[in-house]
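Between the sequences and the hints, there should be enough to build the whole structure, so can you do that?
Taken in order, these protein sequences are the chains called A and B. Position 252, counted from 1, in the first sequence is what my numbering calls 252; the numbers after and before it change by one each time, with no gaps. Position in the second sequence (from 1) plus 1000 gives the number in my numbering.
Keep in mind that the hints are not guaranteed to be accurate.
Unchecked claim - Here are the simulated EDC-like cross-link-like pairs (lysine to aspartate or glutamate), alpha carbons at most 16 angstroms apart as the crow flies:
1) Lys1022(B) x Glu50(A)
2) Lys216(A) x Glu1088(B)
3) Lys271(A) x Glu47(A)
4) Lys1061(B) x Glu1080(B)
5) Lys1040(B) x Glu1078(B)
6) Lys1061(B) x Glu1076(B)
Think of the hints as simulated: they come from the structure by calculation, not from any bench.
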Amino acid sequence: MISPPLALIAEVTHRCPLHCVYCSNPLELKARAEELPTGTWSRVFEEGAELGMFHVHFTGGEPLARNDLAELVSVAHSLGLYTNLITSGIGLNEKKLMALIEAGLDHLQMSFQDGEERFADWVAGAPVHAHKLALAGLIRASIGLAFTVNLVAHRHNLDRLDSMISFAESLGPQRIEIANVQYYGWAWKNREWLLPTREQVKRSVAVVEQAQERLKGQIKIDFVPPDYYATFPKPCMAGWGRQLMLVDPSGSVLPCHAAAVIPDLHFENVKQKPLRSIWEESAAFCRFRGEDWMPEPCRSCERRTLDFGGCRCQAFLVTGAANATDPVCSLAPAHHLIEEWVACTNSAASTAPSSTLTPESELPWTYRPQPA
Amino acid sequence: MTMKALSPASHPRLGIGCRVRKVENGDSVLLLPEGILRLKGTAAEIIQLCNGERTVADILKAMQVLYPSVDPQQIEQEIESFLNRLLERRALDFQ
Chain A
1 MISPPLALIA EVTHRCPLHC VYCSNPLELK ARAEELPTGT WSRVFEEGAE
51 LGMFHVHFTG GEPLARNDLA ELVSVAHSLG LYTNLITSGI GLNEKKLMAL
101 IEAGLDHLQM SFQDGEERFA DWVAGAPVHA HKLALAGLIR ASIGLAFTVN
151 LVAHRHNLDR LDSMISFAES LGPQRIEIAN VQYYGWAWKN REWLLPTREQ
201 VKRSVAVVEQ AQERLKGQIK IDFVPPDYYA TFPKPCMAGW GRQLMLVDPS
251 GSVLPCHAAA VIPDLHFENV KQKPLRSIWE ESAAFCRFRG EDWMPEPCRS
301 CERRTLDFGG CRCQAFLVTG AANATDPVCS LAPAHHLIEE WVACTNSAAS
351 TAPSSTLTPE SELPWTYRPQ PA
Chain B
1001 MTMKALSPAS HPRLGIGCRV RKVENGDSVL LLPEGILRLK GTAAEIIQLC
1051 NGERTVADIL KAMQVLYPSV DPQQIEQEIE SFLNRLLERR ALDFQ
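Written out as structure tokens, the structure is:
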């Protein structure tokens, strides 16, 4: 008997006014014309609630790009689901915010690309920071909405993490999430420009620990370190097909944000199959569920129940084999690929201190485009 | 602004964005923005008492009355550590 999923990640659109260089969306973005209509999403939430889920995480793209977002939140809320909106804030105004709160929105997570406008707009590829600041004031003033500020960390802002935390603090959230870039989607494409150095990571961990101590009981700080510097892999998605389902804008159901990179996986669609059968029986969800797929050293490793062999998409991107041990693991046969990458980043940084780009530098990276 | 540390006179209540939901087997879960906490044993009873009106001292007393055969000091320690853990997760607020 397979335990039911805990949460649905509802990727309601790939449209987004931002063009962040580390966007986790797939390189092949779904067009507006492919997006599921309101009624289909409502049915998906009903099936999710019936399956025993607790949370719906509304994400994108930018979920606010959909005009029916408050209606979708209302449907999920009326089914008893906890509703979480993950947003850049662009598209929000006082009226829309009130409509979302009335619809039953439980929590809003707003991402900031930096604490400083010129860096933030540079990474987002759009002049949006000042507008987002104004919106954060609106959220703080609204009663009853839980608020998290999300900051994405990378080589070009990690040295300023202390001031970024002060910035996030000034926005008045209950939580701050500092997430290092994970190398999937557009971030994988731009990884050469984003991976921090070992020294930067070491200093940032100390900065976070100090802030956590200082803000204990007031603001909860969650920190996602860059796993390229870890000894063991992250328990990606808490294990493949163990807790989470992601429905993309067109209705394809994936075990995670990035799974579409794995070439021989076929994803079922909510238009053809109910969520329960996709969760319990679909080939994509069964493929890396449990331990039967595991190679050595995972298969006999005592950590296999903690990290579930790490991330399948990372294994594929780095080694070319989706069933390989996650190469960030120090025990992985392909760990040398990560070590070479890390060594290259660190030696370039030590010979060329100017390897940190600034908004005035020539732009070497690829911005995420708008889908059709 | 939230107070930093619990005291017997604090009035705890569930944090903003946190709510309790019953599940099929009669147990409760605490829904948080980033996940869930399954409330085992007396955890659900303690959380129910955190209504913003009772003080930590009131909650201790109520639980000591509910469980007269358990060492009152043990109850005190367990409740304090439980409430502190919730506070660190921002699952509790104080008035």
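Hints, one by one, checked against the model:
no.: 1; hint: Lys1022(B) x Glu50(A); result: holds (14 angstroms)
no.: 2; hint: Lys216(A) x Glu1088(B); result: holds (6 angstroms)
no.: 3; hint: Lys271(A) x Glu47(A); result: holds (12 angstroms)
no.: 4; hint: Lys1061(B) x Glu1080(B); result: holds (13 angstroms)
no.: 5; hint: Lys1040(B) x Glu1078(B); result: holds (13 angstroms)
no.: 6; hint: Lys1061(B) x Glu1076(B); result: holds (9 angstroms)
In this structure, every one of the numbered hints holds.
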